[in-house]
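Using the sequences provided together with the hints, build the complete structure.
Going down the list, the protein sequences come from chains A, B and C.
The UniProt record's numbering applies: residue 1 is where the first sequence begins, and numbers increase by one.
The UniProt record's numbering applies: residue 1 is where the second sequence begins, and numbers increase by one.
The UniProt record's numbering applies: residue 1 is where the third sequence begins, and numbers increase by one.
Just so you know, not all the hints are guaranteed correct.
The list treats identical chains as interchangeable, and a pair is accepted whether it falls inside one copy or across any two copies.
Here are the simulated lysine-lysine pairs, DSS-like style, with alpha carbons at most 30 Å apart [as the list claims (entries may be wrong)]:
1. K356 with K97
2. K138 with K260
3. K257 with K350
4. K260 with K350
Hints listed in this document are in silico derivations from the structure and should not be mistaken for laboratory results.
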Amino acid sequence: MAYLEPGQKKTQSVQAKQKLYSHGNVITVVIVCLWFFTGETACVFPWFPFCSSSDVRRRHGQTPPGPSQRGGGPQHRSHGRPHCRAEVTFQAEAVKKTDVIFVAVFREHYSTLCDLADVLAGKILVDVSNNTEINHHKESNAEYLASLFPACTVVKGFNVISAWTLQSGARDGNKQVLICSNNQEAKRIVAEIAQVMGFTPVDMGCMSSACEIENIPLRLLPAWKIPIFLALGLFLFFFTYNLVRQVIHPYIRGQKKFYKIPIEVVNTTLPCVAYIMLSLVYLPGVLAACSQLYYGTKYRRFPDWLDQWLRHRKQIGLLSFFCAALHAVYSLCLPMRRSHRYQLIETAVKQAMEKKTDVWVEEEVWRMEIYISVGIIALGLLSLLAITSLPSIANSLNWREFSFVQSTLGFIALLISTLHTLTYGWSRAFDENQYKFYLPPTYTLTLLVPCTVILARVIFSLPCIQQRLLRIRRGWEKGRYVKFVLPSATGEYSSGETSSNV
Amino acid sequence: MAYLEPGQKKTQSVQAKQKLYSHGNVITVVIVCLWFFTGETACVFPWFPFCSSSDVRRRHGQTPPGPSQRGGGPQHRSHGRPHCRAEVTFQAEAVKKTDVIFVAVFREHYSTLCDLADVLAGKILVDVSNNTEINHHKESNAEYLASLFPACTVVKGFNVISAWTLQSGARDGNKQVLICSNNQEAKRIVAEIAQVMGFTPVDMGCMSSACEIENIPLRLLPAWKIPIFLALGLFLFFFTYNLVRQVIHPYIRGQKKFYKIPIEVVNTTLPCVAYIMLSLVYLPGVLAACSQLYYGTKYRRFPDWLDQWLRHRKQIGLLSFFCAALHAVYSLCLPMRRSHRYQLIETAVKQAMEKKTDVWVEEEVWRMEIYISVGIIALGLLSLLAITSLPSIANSLNWREFSFVQSTLGFIALLISTLHTLTYGWSRAFDENQYKFYLPPTYTLTLLVPCTVILARVIFSLPCIQQRLLRIRRGWEKGRYVKFVLPSATGEYSSGETSSNV
Amino acid sequence: MAYLEPGQKKTQSVQAKQKLYSHGNVITVVIVCLWFFTGETACVFPWFPFCSSSDVRRRHGQTPPGPSQRGGGPQHRSHGRPHCRAEVTFQAEAVKKTDVIFVAVFREHYSTLCDLADVLAGKILVDVSNNTEINHHKESNAEYLASLFPACTVVKGFNVISAWTLQSGARDGNKQVLICSNNQEAKRIVAEIAQVMGFTPVDMGCMSSACEIENIPLRLLPAWKIPIFLALGLFLFFFTYNLVRQVIHPYIRGQKKFYKIPIEVVNTTLPCVAYIMLSLVYLPGVLAACSQLYYGTKYRRFPDWLDQWLRHRKQIGLLSFFCAALHAVYSLCLPMRRSHRYQLIETAVKQAMEKKTDVWVEEEVWRMEIYISVGIIALGLLSLLAITSLPSIANSLNWREFSFVQSTLGFIALLISTLHTLTYGWSRAFDENQYKFYLPPTYTLTLLVPCTVILARVIFSLPCIQQRLLRIRRGWEKGRYVKFVLPSATGEYSSGETSSNV
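Here's what the structure looks like:
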């Protein structure tokens, strides 16, 4: 983040001016940070609105890591703009010219501005700084700045916007500029600047939330942590379990099957993870329904763990799809392998030497044909779910469509995966040779959670329970109408009445 | 939808206040619905802008179905906000305090507000209600509300926004708040509220279109219905056709091939569907061009069926890609199957017993190598088409880029798929053993439509026709200059003139 | 583009009016272009805000090419709107009624407006025209129009918006309306219209940049040209190289292996391209770091070629992923092929005749199991990279998350691909039989660039260098503090100071 910032500040103000100007707005923005480049002087960009920031970036050779520069069509804004001529003045003069000042300075150097305190008095200071780690200091940078300059109004903002979004102009997503300050007027002015720059200012209230705002750019996929650890945990468990059944057990019996580890063991592990994760997506919904039924109301807050779980379903679902897709690729690779080839040839040779032409086992054939085709269908459905959870698509659906795809199609996908597992297992659960070290076949373990979910869903779909659930979700509450009975109100009516707030 | 609404209403007003406040706006929003929770009293949220809606949601434990919560980075807005203290007053008082009232009440309970009629007189009522089914009532809820409160101005709006969009703040897509009312001023005020909340208000005109607005959230992928039925129809037809050729026919000849149904028959059906659907994407364009050539103008409206067809091409194309992808996966699964394995071994054994080492058939090898590689290329192109039809990508392309990918690349994909089909068919169309029950091989059937499209495209690309088509599309009309001849106008000039509106 | 324009103009103004009206705005917009349809008269759309543009489109039967109509949920705006009754007046009258006029006329027909010059005097003309090729005329259309009507203020804008975006309302992405004019006030008014229509006006400065704006809609994926040619070049080189090794060489030895060309040769070529392209994504970052280390500053502008390269990494990366995916599909197809089948049977038969049952080669088995599984993992990582580079997802990540995925994960993907290549190569680099015509095995060639990148990355991660690099990227400059020493400044402090602008 750090090495990104100068660009951020500069481009910010450049575009700010550019856009402000383009709207005949007369707020001057001075980039104090530039002062440090040139010792005593500060840089005021001139009023040429076509002064772009791309050249600034080039001059500084900042580069985003990795293949993807942000966003779609930045060429619009990064082409053939003349360089902007920066007018360099003394910092004090610069400050005089302006009302809003972007303080693009590290926290540890706020002090260097202190000798300007008198000139700055009464102006609006926008603190755009970021920390290098979460909750680095007790008080947020903005609050610290405010304590240094009691005569100024400090506004926190713009720190969540990356330099690249700024350079290529605000595009879809991530256009929110979180702003907080104790002074409403100052907040309004900065919000206006943000809006003029094409961002959507979001009021985060007063200074107290500055700390939160400063932590946002330091977050690293917080929503993904738990699901990923969950997936890894499941993977490790099933991997060892399969290792024991497929490699260790034969080894004790004297067969070396270690070559199975890289692909076959992994490929029996992945589907278990995918399958259980998928069921974990629908389990919390079931639990929520249970609690709603039990307490007879929906206005009772869920326990936090359930709330967390509900909010992580998207990530769990996507990881489940990822594992399923990998499982598909692994399975498709099976016939490519040498081992497959050798085994094939060996059986063929054996058959030939025994002069046995008939190797056809109808049951085996049917089993495999069925579970493969069922598996493909399940994968197809899951891919639809994954696609509709892309932001741009999810947002183009209305609520009913979205819940149809995610809830209905998703549950059908769960059903079909269960079918896939059962047909894969076939009758092996009842064949004792499968119980190596008395360990049941892996697929039997995986069936537990999904079957619970499916069973619960079936029960909930019984008319009586469904009715009750629906009423609860429409706002009806158990024993509600006892609390107050309107003169003209029967229990039914008032229950209708309560349901009417919904 | 229903169980979603209370959150929707509440969060709406909460955020409305929050945002309004943050912009120094002084409109009070009262949530009448809350009144029902607390009997006689109504709830007025206090003016703390950092009062978020996430806690409201938690309190009510509403949960979106399925893995995907809407949108990308909601953590911005759902973190660490203090609970908002709701000040609870009597409803009448609450109403006095405000000008705009969000009536978050079911249609059947509007009546319960009647005793407030006098207090409400002259205020703006925003009807946010939704029905449970399309065109449930004769007149729209908003119109019904207006009839109940003749003294108030009723505005319909905000019903298309889901509670989740509201909670996580308006993000890309689906930001439109459709508003309609007979009173321009009221409309303006509500539109302003929407804008302040970060949505883009869309004027839908006067009350008469309220019914339309109320139906929108009840729609379930209307654009997909026809294409999906089309795909299913094609699938069923080709499935039965292939069933007859691949299973029934051998069965009559005394061979049991039923195991082929789950995979092989499906896998010969899917490509047919995909291929024909792809050609159906480009057929309407050809028809449109024909009609334009025939009538010598582009200003003649197309018949509705063609118009419908043109507007469903995206969906048809995506379904075609979906089938093609499934076809690819199915094909890749073929060598995994037991049946494949057994057949392989059996042939090997036979060969061994006959001491035949040479099984190589050069022609077969070539045929398969070619049609597989061609098929992969076609799939690659189709996947590019599918990706560019993602909203976020489609919108980052300019018109020329978009039409290049969709029209040019798409047509090339059609050409290559045709090649794939032909190389797959090879010479089998002329081998009478292939005509089981006198039925021609499936692939011959599929070739009809695509070849027509390709042929038409080739003809249109002939200079003479292309020129004419281009002029028509630039606005030129047959015999146009006859209608009015400007003094200084030659036919050429006026044709140029007409073409100039283009 | 051309045949698109009338719709564009019309819908533009229709929506403009519709939206303007909905905001009580009183600017009249006249579509002069319609005049040409009806000879002497001009068309003024009436004030019915629910007058949609979809019917206009239908009337003109414009159709976007190919399967994908732009955008996600256009049904919102394209349903059940009554036709708008267009009031047809004389052009002069129409012009009198309005202040802002959208001149939807081809450049070559501007002259036809000259007789209106006196009526138009003092009005704002919005030039929405596009050319058919880049830099077609010396001066831009807007400038030409301005020269024709010196009495009017000309504003260039709206030409980058496609008719489809206009019809289905402005949605995510591509909402920018680039505006330029020499008159600030006129610019402000048009910008307001754009904003009312739901677009984000972008000030492009004065008339001089009109030419640039007019060229934008004519661009055809400029950012992709270089990467695609790069990929093609690499493909051709490796294709011929593999052709020589796999086909020509055996042919000279007297074996006909031509059947290998369509799949096997392509499938050994694609991974090379993918692998080298992937390394080329990370090479420029390394070079940039080198130059920063060498010059001891980040404020020195990079040479243009490096700058270009840095800006094309996204495209290079996506092409690399595309090749990798194709490589995966090709590989999965290998066992499907007849040739594979025949070879299998032949070996089996041979073995049978020699009564050899043991064909198992442990090393071969291990090699293949490992490099397949490693390959799958690499593909999985690359797909994650590709997904996060979708605009809508990239924009939902904060900078740290984005750089983590693209830089860290991407580099891990590079490492794993290297492992994949090495395990695939195994010991063959040292087996002289592999050096056909003294040509080394292909995979050895591909290793060069990636290994350089990895090595450089390892070196940069050494504490001493890493520290220096970090300080430079935080703004520190070599020998900087020599330039000015503040009284209270030690070298360390001022270096800190300089780093503080970062």
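Right, here's what the structure says about each hint:
1. K356 with K97: neither (97 Å within a copy, 93 Å between copies)
2. K138 with K260: neither (53 Å within a copy, 67 Å between copies)
3. K257 with K350: Both: 20 Å inside a chain and 26 Å across chains, each within 30 Å.
4. K260 with K350: both (23 Å within a copy, 27 Å between copies)
In summary, the numbered hints that this structure violates are 1, 2.
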